Amino acid sequence: MAKKLAIIASKGTLDGAYPPFLLASTAVALGFEVKIFFTFYGLQLLNKDLNLKVSPLGNPAMPMPVPVPSFIQIIPGLEWFATWMMKRKIKQKGVASVEELRDICIETGVDLIACQMTVDLFDFNKEDFIEGISSGGAATYLEFAGEADVSLYI
Amino acid sequence: MFQFDVELDTSGLNCPLPVLKARKALSAMESGQRLHLIVTDIGANKDIPAFSKMTGNPLIETSEQEGVLHFILEKGA
Numbered sequence: 001m002a003k004k005l006a007i008i009a010s011k012g013t014l015d016g017a018y019p020p021f022l023l024a025s026t027a028v029a030l031g032f033e034v035k036i037f038f039t040f041y042g043l044q045l046l047n048k049d050l051n052l053k054v055s056p057l058g059n060p061a062m063p064m065p066v067p068v069p070s071f072i073q074i075i076p077g078l079e080w081f082a083t084w085m086m087k088r089k090i091k092q093k094g095v096a097s098v099e100e101l102r103d104i105c106i107e108t109g110v111d112l113i114a115c116q117m118t119v120d121l122f123d124f125n126k127e128d129f130i131e132g133i134s135s136g137g138a139a140t141y142l143e144f145a146g147e148a149d150v151s152l153y154i
Numbered sequence: 155m156f157q158f159d160v161e162l163d164t165s166g167l168n169c170p171l172p173v174l175k176a177r178k179a180l181s182a183m184e185s186g187q188r189l190h191l192i193v194t195d196i197g198a199n200k201d202i203p204a205f206s207k208m209t210g211n212p213l214i215e216t217s218e219q220e221g222v223l224h225f226i227l228e229k230g231a
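In order, the protein sequence lines correspond to chains A and B.
Position 35 of the first sequence, counting from 1, maps to 35 under my numbering, and the rest follow consecutively.
Here my numbering = 1-based position in the second sequence + 154.
It cannot be assumed that every hint is accurate.
What the hints assert, rightly or not - Which chain B residues face chain A? A few, computed with CB under 8 Å, are given here:
1. Pro170
2. Leu174
3. Arg177
4. Thr209
5. Leu213
No lab work stands behind these hints, which were simulated from the structure alone.
Remember, predicted model here, so these are calculated numbers, not experimental data.
Backbone N, C-alpha and C define an ideal beta-carbon position, used for all residues, glycine too.
So that you can see chain B by itself, here it is in the shape it has in the complex (with noise of 0.2 Å):
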């Protein structure tokens, strides 16, 4: 697993709350901090990436396991 230092679990909630409460999270970390995002609505396979390539947020990491989504996303300059 990768290295991380915020862990969000967004479980049961479902689009766009993930997505949204990924921004909130990372407007309140330091550039090059990385986010541990943990989401079950499906959807977020497309979003996250998308939320990581309009924001400059660079996506490192994403795993599923057992229909959970991980993602590790890196807090850009």
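Okay, chain A solo, but in the shape it has when bound (with noise of 0.2 Å):
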């Protein structure tokens, strides 16, 4: 019987969305079954348009050219400017997108799962959110959790 890995997806920043999708993918490749649950923030990685964003501010193991106190990190564009970076490294150093492991997960078969009570906590609209992917709650994670060989928060 196929390996089973579970994950609650709860970031929404740019170098949030690695882990989730970039193990799903390749627990997919290694012959696993994968469902991820996506909570609070994670459910904006669920959006058609992703626009994800990672923030030197609160994150001071975040590598910049220059140090940056904390005080000027609220300054406008600074975040604009270190996802620019960060995207601009992932392109160099041949890291997929966040995109591209995105499509590789939905395209074998991995289980996308929006939990509900966020959905209607955040008044998010479903429309917004790629197709095929389905909604649960608590239950649904645990039911498929309890069997998993892997369960991972992130």
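The two chains are supplied separately, each in an independent frame; assemble them into the complex guided by the hints.
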């Protein structure tokens, strides 16, 4: 029987998008059955148009070309700059884009599940989401995770 | 050099793309056919053997030439 991977994706930033899609697509390549449960900010990863950003604010570990003190990081444009810089690096280093990894997940049959409660909570519009996703709640996740070989909260 | 049926060059691509592309290439091949996989991502040294072991596609040969990894994978039954 195929191994199973259950993931909760709770982050909606550019860097937060990588672990769920990267591990899910790789797990399918290794023969796993995979379900990703998208909750809270992770729901942003289901939008048709991904406009993901990375912020140095509140993230002292983020490498910057020059040190930027926290109180300056609120200036407009710095988040845009950090995002631009990371996307450029991603291309330079031959790292897959989030869109590419997500497409592979969809093509290879990863089950993408939107947390219905958070969709309601944030008044998200399901028409903004990509096609082919389902929705569910805590019990939906736990039913699968209970039988999963690997279960991750990201 | 070992005989192979299909060649896949993933030079310049980083983890996990070599594994994902190898899976795609192997899924289009017949059992017993061999894939020559070329990888510059040094992490593939561990990743490709893991991929081979977990998917039942035997790793026939591994070699490294000037920072470029060459793998021969045989499509399993």
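Measuring from the C-beta of leucine 213 of chain B to each C-beta in chain A, is the shortest one below 8 Å? Violated. Min distance 14 Å.
Grab the minimum C-beta distance from threonine 209 of chain B to chain A and call the hint holds if it beats 8 Å, violated otherwise. holds, 6 Å
Report holds or violated for the interface hint on proline 170 of chain B, using the least CB-CB distance to chain A and a cut-off of 8 Å. Holds, about 4 Å.
Restraint outcome when leucine 174 of chain B is required to lie within 8 Å of chain A by C-beta distance: holds, 5 Å
Holds or violated: the hint that arginine 177 of chain B contacts chain A, with Cβ atoms closer than 8 Å. holds, 4 Å
In summary, the structure is inconsistent with hint 5 from the numbered list given earlier, while agreeing with all the others.
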